[in-house]
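**Q** Residues per chain, in single letters:
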Amino acid sequence: MHLSYQMVLAQLMLGLNNGAFYAILSLGLAVIFGLLNIINFAHGALYMLGAFVALIGYTKLGPLLGMPDFHMNYWAALIISPLVVGLLGVLIEKTMLKRLSKVDHLYGLLLTFGLALILQGVFTNYFNVSGTSYNGKPEILRGVVDLKFRMFPTYRLWSIGLSLSVCFVTWFVIERTKLGSYLRAGTENPALVQAFGINVPLMITLTYGFGVGLAAFAGVVAAPIYSVSPIMGTEMIITVFAVVVIGGMGSIMGSIWTGLSLGMLEGLTKVIYPPAANTVIFFMMILVLLIKPAGLFGKEQ
Amino acid sequence: MNRKLWTALFLLGMVAPFLLYPVFVMQLLCFALFACAFNLLLGYAGLLSFGHAAFFGGAAYITGYLVKNTGLTPELGVLVGTLAAGMMGYLFGLLTIRRQGIYFAMITLALAQVVFFIALKSPFTGGEDGLQDIPRGMFLGLINLGHTYHIAGKPLELNLYYFVFAIFCLGFWIIHRAIHSPFGQVLKAIRENEPRAISLGYKVERVKLLAFVLSASLTGTAGATKSLVFQLASLTDSSWHASGEVILMTLLGGLGTVLGPVVGAFTVITLQSELSGLGSWVMVIIGATFVVCVLAFRRGFVGEVLEKIRIRAIKHNK
Numbered sequence: 001m002h003l004s005y006q007m008v009l010a011q012l013m014l015g016l017n018n019g020a021f022y023a024i025l026s027l028g029l030a031v032i033f034g035l036l037n038i039i040n041f042a043h044g045a046l047y048m049l050g051a052f053v054a055l056i057g058y059t060k061l062g063p064l065l066g067m068p069d070f071h072m073n074y075w076a077a078l079i080i081s082p083l084v085v086g087l088l089g090v091l092i093e094k095t096m097l098k099r100l101s102k103v104d105h106l107y108g109l110l111l112t113f114g115l116a117l118i119l120q121g122v123f124t125n126y127f128n129v130s131g132t133s134y135n136g137k138p139e140i141l142r143g144v145v146d147l148k149f150r151m152f153p154t155y156r157l158w159s160i161g162l163s164l165s166v167c168f169v170t171w172f173v174i175e176r177t178k179l180g181s182y183l184r185a186g187t188e189n190p191a192l193v194q195a196f197g198i199n200v201p202l203m204i205t206l207t208y209g210f211g212v213g214l215a216a217f218a219g220v221v222a223a224p225i226y227s228v229s230p231i232m233g234t235e236m237i238i239t240v241f242a243v244v245v246i247g248g249m250g251s252i253m254g255s256i257w258t259g260l261s262l263g264m265l266e267g268l269t270k271v272i273y274p275p276a277a278n279t280v281i282f283f284m285m286i287l288v289l290l291i292k293p294a295g296l297f298g299k300e301q
Numbered sequence: 001m002n003r004k005l006w007t008a009l010f011l012l013g014m015v016a017p018f019l020l021y022p023v024f025v026m027q028l029l030c031f032a033l034f035a036c037a038f039n040l041l042l043g044y045a046g047l048l049s050f051g052h053a054a055f056f057g058g059a060a061y062i063t064g065y066l067v068k069n070t071g072l073t074p075e076l077g078v079l080v081g082t083l084a085a086g087m088m089g090y091l092f093g094l095l096t097i098r099r100q101g102i103y104f105a106m107i108t109l110a111l112a113q114v115v116f117f118i119a120l121k122s123p124f125t126g127g128e129d130g131l132q133d134i135p136r137g138m139f140l141g142l143i144n145l146g147h148t149y150h151i152a153g154k155p156l157e158l159n160l161y162y163f164v165f166a167i168f169c170l171g172f173w174i175i176h177r178a179i180h181s182p183f184g185q186v187l188k189a190i191r192e193n194e195p196r197a198i199s200l201g202y203k204v205e206r207v208k209l210l211a212f213v214l215s216a217s218l219t220g221t222a223g224a225t226k227s228l229v230f231q232l233a234s235l236t237d238s239s240w241h242a243s244g245e246v247i248l249m250t251l252l253g254g255l256g257t258v259l260g261p262v263v264g265a266f267t268v269i270t271l272q273s274e275l276s277g278l279g280s281w282v283m284v285i286i287g288a289t290f291v292v293c294v295l296a297f298r299r300g301f302v303g304e305v306l307e308k309i310r311i312r313a314i315k316h317n318k
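Note that the protein sequences, when read in sequence, are chains A and B.
With the numbering used here as the guide, the letters of the first sequence map in order to residues 1 to 301.
With the numbering used here as the guide, the letters of the second sequence map in order to residues 1 to 318.
Please keep in mind that the hints were generated in silico from the structure rather than gathered at the bench.
Where is the CB? At the ideal position from N, CA and C, for every residue including glycine.
Heads up, some of the hints might be wrong.
As the list claims (entries may be wrong) - Now the stretches of chain A that chain B is said to cover, found in silico as 3 or more residues with beta-carbon under 8 Å:
hint	region
1	91-101
2	122-132
3	146-152
4	199-207
5	234-242
Construct all of the structure, not just a fragment, from the sequences and the given hints.
**A** Right, here's the structure in full:
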């Protein structure tokens with residue numbers, strides 16, 4: 001097989017694009033896990049919901065409101081969709097997850113698994129499983145950019161840049177600001193932090209809302225790239241679980257690096273040996289488990 | 001009282017094909033065995049595997065392939081499927097057993113996804129179509145399991161039914177024995193307090209691995225049997241949906257109770273067949289059942305009944 005250097009670079013860029021989504025999602029999982037001690041199985045479904053809010057806003061909202069010409073545009077979706085989904089997350093945390101804080105953490109996983117099934121089932125009823133394309137991509141992000149080695153779609157470049165910025169901002173807020181220090185302290189010892197007069201239950205609720213909001217944001221950014229389908233979340237979440245196992249949930253930066261590099265590894269596999277592209281992350285996980293069972297950035301318990 | 005209950009249940013199993021549609025009862029039995037094997041791990045060892053479909057579906061493929069293409073007899077086919085699932089369980093177990101709780105669930109899910117992709121891509125599984133027309137074959141080379149009797153105008157696959165029922169009883173007995181043996185007590189001890197079990201000198205990892213292999217093997221038995229009943233091994237059996245469903249069965253029936261998974265499997269399978277006309281709303285209903293179960297009904301059916309009996313006994317003693 002002929003391997004050109006341009007082809008490898010292009011696949012690496014596409015992989016980086018996927019990796020940025022893995023990074024945002026595993027980041028959200030890690031933040032939620034830190035404070036709530038649960039793995040949010042609904043993360044993939046909420047990522048899907050984020051994409052659907054953008055899609056519905058663009059195609060169905062206008063006619064529904066009696067204004068056939070109205071489209072919620074992409075920029076609005078970038079803000080509104082995470083807010084809507086984040087609010088739903090706050091609701092989920094307030095009404096359900098809160099009641100599970102005293103029982104085995106596995107129940108949280110099972111509850112969110114149930115929620116994921118509900119969301120996926122509802123959308124499967126109204127939308128095509130094979131996907132609907134999102135046409136609300138703004139004019140300025142259409143077309144291609146000349147990257148010297150190859151022409152590259154503008155939107156993909158934008159999506160990489162935007163996702164990386166969001167990752168970085170999240171990292172900055174958690175590791176370098178006062179708010180973030182509360183959050184990190186809450187992860188270590190919630191009872192003590194509460195004794196200092198910080199409203200930990202509120203912090204937990206908002207953290208969950210923020211985590212799933214991030215997932216929805218990734219969903220909106222992904223919508224113009226992949227077709228929007230009810231099963232997009234499931235495929236994503238299983239891969240992201242493997243990413244989380246590889247990275248360990250110890251550090252924010254760890255999640256970001258693991259997500260990005262695994263995305264690129266996946267891209268590279270697509271050039272070298274395409275049939276393994278779907279499974280390379282899982283085999284990586286097996287390898288890491290054999291060598292460093294706690295994950296690359298995890299702490300041994 | 002216990003002996004009477006078991007005898008009644010056994011007799012019920014013996015006459016069930018005359019009362020209900022036999023293939024439906026066989027489906028119930030296969031899933032009940034699946035759920036019981038799963039419960040051995042979750043209910044008694046406290047390990048939540050999200051990848052049991054890999055053993056269920058994997059064994060179905062292996063048995064189906066061998067019975068169809070090499071003329072293996074059905075009982076040997078099921079045996080080979082069981083052993084193969086046990087081998088897979090050993091490999092999975094080596095990778096996962098050192099991690100607990102949430103990590104254990106995520107790793108098993110990811111490993112099962114690898115099995116799913118292999119089933120999707122490899123040539124011997126038939127891809128999206130699955131393996132079809134698996135023969136039911138001759139039991140011990142003597143009794144035709146494909147034979148259908150016609151009694152009072154009703155087609156009854158009695159040979160196959162009693163074959164499946166015997167497998168179920170054997171599997172159920174093995175699980176029952178395991179739970180009530182010293183091994184089962186050690187498992188419960190590990191579930192309740194692992195550091196203490198370690199300090200008492202138990203080789204915790206080895207015990208957990210053994211439980212995992214046993215659970216995987218019997219799951220394989222269930223999957224292999226199912227491939228003979230439906231004459232089909234398909235991707236559905238090895239997908240994450242199947243792993244989720246078996247969790248729901250166990251949870252709904254009662255975690256860590258002997259009969260709970262059976263009751264749960266019957267409930268879920270009946271629900272699915274009754275609601276099959278609703279399309280993907282079934283998924284919504286399954287999801288909602290999960291949510292309700294976790295929030296308000298964590299003991300499950302059998303767990304609730306046992307709790308009532310326990311409370312009554314306490315009151316009675318006063």
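**Q** How does the region 91-101 of chain A fare against chain B when you require at least three residues with a CB closer than 8 Å, holds or violated?
**A** Coverage by chain B holds here, the residue count being 3 at a Cβ distance below 8 Å.
**Q** Using C-beta distances, would you say chain B covers the region 122-132 of chain A, given that this needs three or more residues below 8 Å?
**A** holds (count 3)
**Q** At a Cβ distance under 8 Å, does chain B reach at least three residues of the region 199-207 of chain A?
**A** This one is violated; 0 residues, fewer than the three required, reach chain B with a Cβ under 8 Å.
**Q** Using C-beta distances, would you say chain B covers the region 146-152 of chain A, given that this needs three or more residues below 8 Å?
**A** violated (count 0)
**Q** Holds or violated: the region 234-242 of chain A covered by chain B, criterion of 3 or more residues with Cβ-Cβ distance under 8 Å?
**A** holds (count 4)
Checked against the numbered hints given earlier, this structure breaks hints 3, 4; the rest are met.
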